[in-house]
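J.: Throw the hints in and build the complete structure from the sequences for me.
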Amino acid sequence: MPFVLFQILNGLTFAALLFLVASGFTLIFGLMRIVNLAHGAMYLMGGYTAYAAATWSGSFLLGLAAGAVAVAILGLAEQALLRFVHGAELRQVLLTLGLALMMNDAALVIFGGDTFTVPLPAMLQGPLEMFGMAYPRYRLFVLLVGVVVLVLLWLLMNRTRLGALIRAGVDDPETIEAMGINIRRIFIITFMLGMALAGIAGALGGAFLSLYPTADSEILVFSLAVVIIGGRGSLGGAAVGSVAVSMLSTFGQVWFPELAYFVIFGPMALLLAFRPLGLFGRAT
Amino acid sequence: MDRRKFLSSATSATGLAYFGDFERAFAQGTGPIKIGLLTPLTGVVAAGGKEIVEGFNLYWQQVGKKIGNREVQVLVEDDGSNPDVSLQKARKLTEQDKVHFLVGDLLANTGLAVAEYAKTSGIPYFIPVIAADDLTQRKRIPNVIRVAGYSASQMPRPLADYVFKKKGYRKVITISQDYTFGHEQCGGFCQVFTELGGSILAQHWNPLNTQDFSPYLAQIQSAKPDAVFAMETGADATRLIQQWNNFGLKAKIPMLGAQNATDQSVIRTLGAEAEGIISSAHFAEGNDNPATKKFVAEYETAFKHLPSIYGFSHYSCAAWLAAAIKTINGNVEDRPKFLDAVRKTVLTNSPLGRPVRLDDYGNPIYDVYIRNVVKRSDGHYWNVPIETYPGVSQFWTYKPEEYMKQPPYSRSFQGIKKS
Amino acid sequence: MNLSLHPLRAVIALALLCLVPVLLPGYQTTLATLTLIYTLLAMSVDILAGYAGRTPLCHGALFGVATYVVMYFVTTATGNPWLGALLGIAAAGVVALIFALLAVRTTGVYFLLLTLALGMIIWGVCQRWTSVTGGENGLRGTVRPEWLADPARFFYFVLAITALATFAMWRFVNSPFGLSLKGIRESESRMRSLGYNSAQHLIIAFVFSGLMAGLSGALYAWFNGFVSPSSVALAQSVKGLLIAIIGGIGTLFGSALGAIIIVLLENVVSSFTQRWSMVLGLLFVLAMIFTPEGLLGKLRQLTGRRRAAA
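Residue numbers (the numbering used here), protein chains in the order written: chain A, 1 to 284; chain B, 285 to 703; chain C, 704 to 1013.
Output of the computed footprint for chain B on chain A, the stretches with three or more beta carbons under 8 angstroms from beta carbons of chain B: (1) 109-117; (2) 130-137; (3) 203-212.
Rather than coming from a laboratory, the hints here were simulated on the basis of the structure. Even for Gly, the Cβ is constructed at its ideal location relative to N, Cα and C.
T.: Written out as structure tokens, the structure reads:
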């Protein structure tokens, strides 16, 4: 298998994971205008919880579910706190930053500093032989999950009433409220959905990238890049952004290891400077 | 004496006078012996940092927290895996808490920052884990001693010798974290391997906290080496070993590890992926030497997991310091006498089960084991010795003065001999 | 012109500060010096956040750039410490100019994120450009001029510099230029229709703020004798911002209060628990919910003094 094809697969599979994390982030950012800097910490908590549940029960799926549920509940708590600073964008952002610090330390206390990997069921372990080269089964699984989630989210947003309300809320929250719709309930549902996505991402990521005390800020940094490049509130933007960031990171690591973060943040900074809304973002 | 040296010693003298220590410096104290232990309790190496405290305190607990008739107090400070914080805490421990000496640190950059402070302040600093070569070679500092520690390039050299002669490997690729510790370990390996006649096909340097090793694995797979030497620590080691397995490379290419890659702190959360990796180190927790077995059993009972290099080194360091302090009747206030005692003391009761002494440059000489990761009867994995290289110093078979003429290992200088 | 600076109060404060090396000698004096340095950093953040209405997360990088330049110039290039300090400050100013040109068209959260990204680029460069910055190991060496080696003397020096810089910043924000900045913060469109060039104002404010951050970074190099990528990391920017917020955004002097609290807490808390991160996070959360206007802001509100609306 040509080297480039191998790397493209690496890029796509990492992009799938990034999409899972970033989609939740962009939904919350889009609808509620909250840049949730605690999103990375949610990813980590979801991963740790999934690890604990999966090793205790022996079931990967149970771990996945546990991760999603735990983080959704944490999300409820965060949402409650955010109500205190409703309407003040910067205060909200900084509050989530404080929460991120607290959750990161709490994770260290609860789970310790060792590196953990979510255990996989046997059928997802090991390589798949294709085109004369071996590629990890699990990464292909993550790619599959990413695509499925993308489709499901698209269906949600474009074929359901809830999705229509969310999209309308992203564009124009005042009108929605004026129409008598309980926007708060939509906020809560969206927030929990975003959190659940982060938790699932943590569980899935925890199986091949492993979980350790600084994983939250690392994934947060990538998610920020994705959402900024893709545009606030746009699923399509999150998908495109994930692929862009992941490819830049994967190929950059091989061709320009000296430049590391510059390969991702350079384009992001330039984009923000000249097109602050990102590729698919829309002004309110 | 040039101006810089004069200024720094004048500064230290002023500092000492200013802090009122001058009179006390040479007077024997009767209060507790205060030890400042710096360790990363938060940040990416938090797990190792916790074990530093475990190992160090275990020794003092076992001897009743006393040396002679003086009580021993250990003040622990978190260096946050961050050299700025480490420096701050070193200052706090020395100037506010008035500890008699400093021990610890895990990450090389934190150790180097504190070593610099030790140089200007004169406080004794003992480094069981900080392995930066030059601290006991070209840039050695008289009051910084590697008690129960090792220098980075010391350990991989026997491994290179072993795999060339006993395994017949001729072409090796190295993959390593891209910082000084990695450069030095790889340099040690590469120089010996190429001097014997082997060749290094390629060297990959990954940034710290690389999540995704797949780009490197692809290149390694297509280059088809006889073996791969992996120098990774912490989460990077975990990920590399797992991804190596998941990409199907475990079955195709043998992996050699730096001692950190197969350290307990990494393999205790892994499974069969770690089996069969060969590494070299002075400590093997699976060694059936009675002293090692006793230590491992005690450690496991106390902390419910097998000891890693962090726990072991700091336990041994505590034992070594205790022995040294006993020979001067607890007079740690007399710094020159104390440092001299540390340099001369031979450690006889360490978990290694054989006496260990320092060379003339402040670094210990060890018997190094070639170790293999095998499964224990209860399902845990550990390192078991399969061969021994006696009396390995930081200079290997080279003459110290000759060796120090070559530049320190770096990304651009790996000691590779062109054939 | 709303001065909110009583000359008498300033003199009393300065006099009290001069007593620090006498009343709190040794390690406490070095802590006080560090507090002054962080006060400077936080005030530089406040210029942008409080007065220009743009909250940045890149000042840690500007701070660290100056520190790196000083360390490199004096240790590797064996240059003069004073020249090194000037070069460091200038470097921070140049980087601030580049940042400003890129960021001038963004506001609010996007400004925050853009400056965050730019700061991360600097961090990445410092971490990877090993031949110059020393990579993870950083740069070490004594860079302080010899006659300032004594901690008490260095404290007085830093106090003098901080006092002068504070005065400069206070004059800046209360000058006609500063007032038009506040106007832009309140309503950019209105100011533009009045003929003000808001972009130019923001760029100048950003560069000035960057120079001040650079000044604190240069002083830090002299203080610490060491620099590593953690000095330019996001955490440093967050710390500067937190100090400014706790003291009071838009009050300038609040940063001094904030710095005292943070440096004290850091030192005291670590003796009792390892959970400093959690305490810091909790502080952030509580500050945002209960006192977003900061301590000094709250104080002014309570004493009924009219404060420029945030």
